[in-house]
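Asker: Letter by letter, the chains look like this.
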Amino acid sequence: MKTILKGTLKEVVIDTEGPVVIIGECINPTRRKKLVSTLQANDFSYMLELAKSQIDAMADVLDVNVGFPGVVDEELLPQAVIELQDHFDIPLCLDSPNPKAIEAALKVARGKCLINSVNAEEASLQRLLPVAREYGAAIIGLVLDDDGITHDPEKRLKIAEKIIERAVRSGIKEEDVIIDPMAMAVSADPNACRVTLETIRLVHDRLGHNITQGASNISFGLPHRENINNAYMAMSILYGLTCPIANPEKITGLVRAADLVLGRDDYAIRFIEHYQSTQLPK
Amino acid sequence: MTEILERISTCVEFGKVDIKSPYPPAMKDQEGAFELTRHALDEGIKPGEILEEALIPAMSRVGQKFSRNEIFVPQMLMAAKAMSSSMIHIKPYYLSGETKRRGTFIIGTVRGDLHDIGKNLVSMMIEGGGWEIIDLGVDVSTEKFIEAAEKHPGAVIGLSALLTTTMENMRKSVEVLRNRFPAMKILVGGAPVTEDFCRKIGADFYSPDPQGAVEYLKTLA
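The listed protein sequences correspond, in order, to chains A and B. Heads up: the first sequence at position 269 corresponds to 269 in this note's numbering, and the numbers run straight through without jumps. Heads up: the second sequence at position 86 corresponds to 86 in this note's numbering, and the numbers run straight through without jumps.
Extracted from the complex, chain B is given alone in its bound form (with noise of 0.2 Å):
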């Protein structure tokens, strides 16, 4: 791998943002990920190799460092901030369609729930392996998960409960979802959701983690 992409990595992987960022201390007045694939894409390297050789992989790291305790929520949304500064120079490309995603992944916390940090981690994890986010933000009825379903056809979709009292929303969103669209993967997670809730109401995947869930994603594209 090139200098330049593993500039970026160490970048993504320890969240700094830019040279104007103060974080991490020790890489203060360095150039982040934003400059360096500024840089990296003038030198005439592909966006599709600074998404694989650098980004994936560092968001990767990110989520095994987390899932294993070595680093906690502030420092993956460090991870992931500086993912989006680099992503910026990107996504030019995808929409010419030069660089492309390995899918689209619908995302929302169910109906009634308002907690929105599992969901955005999550998010920022599946992003950083590649995938195309629609964030439906919090508070989701069964109607717009399905709406969404429906624009993005071939979409995987992951549901988000933090209370025992919205499980209840969520198996029924899944039971929806399933009917309509019989071939669609469904991911579930949050604090209170378990494997045997997964399997019983009829969801595809559960995962304690969001690298879990990178993992599973990586088995579909």
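Bound-form chain A, shown alone (with noise of 0.2 Å):
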């Protein structure tokens, strides 16, 4: 299955049978202090060295969520993607909790983007999904309920069952609704990603569909967090993952190895291009 997102030129397909496409995560104000201020003083240039950085890193798609307090994000984020489209041609990931944002952002947006996210919830469905048909954008469909998060593969396969149904009936087309199976601590847990990885395998397995996951926070509260994430990542990327949502500074090379290993890249060419480019003098 092929989900298709599109910038002001560049158009990124995102194929359940790889290579991975890299969602670049740090436009977010969390733990960005200057990303904050600088908003907050109505300027941009922080924000697009940011994903210039991640450009330059090999995202393919850019999330950006501008949302903290005292902003009102239904004006920001609509502005954030007029900047970000005058300076850059690829696909937009738009990220808050608040569909009036999500609207007024796709309004303004040219191409096709991805809505970071729908839930099962039935506020959510109701709200989110006419929004994105109208402005024909691809979906994140977050494998999460009316009754709250889930610990079982199953039932989160039956919510990610749920919300691609509901999807296809307000007419948005089936490969335009990619699953989040919903990474957690497992510091806390530690079953908590052996849960998410199993939902990534029925979801790959059973629906076929792409499926992305922000998972820079399940290595919370331990050390060498990166080692942490990078296993997780790679055995998420087995079972079926095939965008995640990351920092491309640190994901990528290892997304490269991934596909390498898993016979995706003929002549290493993509793991090859992306080490020449981190040999470049900056």
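A portion of the hints provided could be inaccurate.
Said to hold, decoys possible - Below, simulated PhoX-like cross-link-like pairs (lysine-lysine); rule was C-alpha separation at most 25 Å, straight line:
id: 1; chain 1: B; residue 1: LYS172; chain 2: A; residue 2: LYS33
id: 2; chain 1: A; residue 1: LYS173; chain 2: A; residue 2: LYS107
id: 3; chain 1: A; residue 1: LYS100; chain 2: A; residue 2: LYS162
id: 4; chain 1: A; residue 1: LYS33; chain 2: B; residue 2: LYS100
id: 5; chain 1: B; residue 1: LYS81; chain 2: B; residue 2: LYS100
id: 6; chain 1: A; residue 1: LYS100; chain 2: B; residue 2: LYS172
id: 7; chain 1: A; residue 1: LYS112; chain 2: A; residue 2: LYS100
id: 8; chain 1: B; residue 1: LYS200; chain 2: A; residue 2: LYS34
id: 9; chain 1: B; residue 1: LYS200; chain 2: B; residue 2: LYS185
id: 10; chain 1: B; residue 1: LYS218; chain 2: B; residue 2: LYS100
FYI, nobody ran anything at the bench for these hints, they're computed from the structure.
Starting from two chains that each stand alone, build the complex the way the hints lay out.
Answerer: This is the structure:
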């Protein structure tokens, strides 16, 4: 199954057979005080810097989250989209819990964006599916419903099915629903990652949809976080993760290696291309 | 301090729950916090003494080591589990009024936010500091916080937010709580929260780690 996203010029194909597409996570105010302070001053230069460094590190899509206290993200998110699209041609992933902000951003965005995210709560489905349909956007379906978070992979699969079914009924193409199996910290629950990996396998094998996840926080509360993140990312890719939301400066090397060992990179072209890009003088 | 109190304290610090628990491996087949607390009470040691001289100092050491990055979340959870196994024997004395808690602490993650690890760590540490915990869970509405505050007059309240996008809900809840209960102490925490934000929204205290909250509560009780 293929999900196609479009920027102003560039088209990105996310294919369930790989190779892995990287959605850059860095335009996000969490732990980035400078992003907050510059955006508050209506200064987009630092956001654009973050975009550029991620694209240089081979991000294929950029996640855009500009929600923080004291900001009206119904205004800021569309402004951020306009700024980004004035400078960069790759697709955007609009990240906000506020449906009004998503809608306002879609109104001004060119190309075909990804919405981060819709979940199986009735309110979320009713509010966001018509918006996605109207603007022709793809959606991330987070496996969460009105009962909260389940730790049973089969139940998470059911929730994924529900989101897909409701999306299709709303007129969204099946392939435009990317599932987020919901990664959680392994420090608090030794089975947390196992449950998500199993969900990835089930969604991949039974539904055949593309799969994303933001997984930088699975290592919360532990030392040597990068080792944990890398092990988890590699296993997730094996099971069917196709478009992680991550920091490309940390993850691209690993993602290229994973594609290579899975036989998706003939002559190691992409792996070597990335290696060479890291050898260039900055 | 008597030997048994020291042993209980060690069990809690290193997360030795009971004799069956294989953790930590170095303490395999030894009695844990559960059995030792029972023995201590049977020997006539007062539950308040167990709390003050074994559990609270152990959890305080755990909190300090965590703040210094010497131990990590799983070890803290083990310690909290060992503490809970000891508390099973002590709780009846609270209910009968024979042993007093330092106060009541209401805690919850704000509306729209489902993160519970930080909140759980803080509530375990504060319970280990001798407080009664009213845990409202995650995605807690302002109304639910108010309801709990009304039910527990004199309680201290703690709000957690892990997303920059839910800090706004934290602000709203704190604002309403502040107006409704002017004298109530309000603590805030979570990855994106800062001292500055705490001050701006009119909360009383912010700490980047659980131990800071425990220390602050000591100054109140």
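Asker: Compare the structure with the hints numbered earlier in the document and write down the numbers of the violated ones, lowest to highest.
Answerer: Number 4 - this is the single hint that the structure violates.
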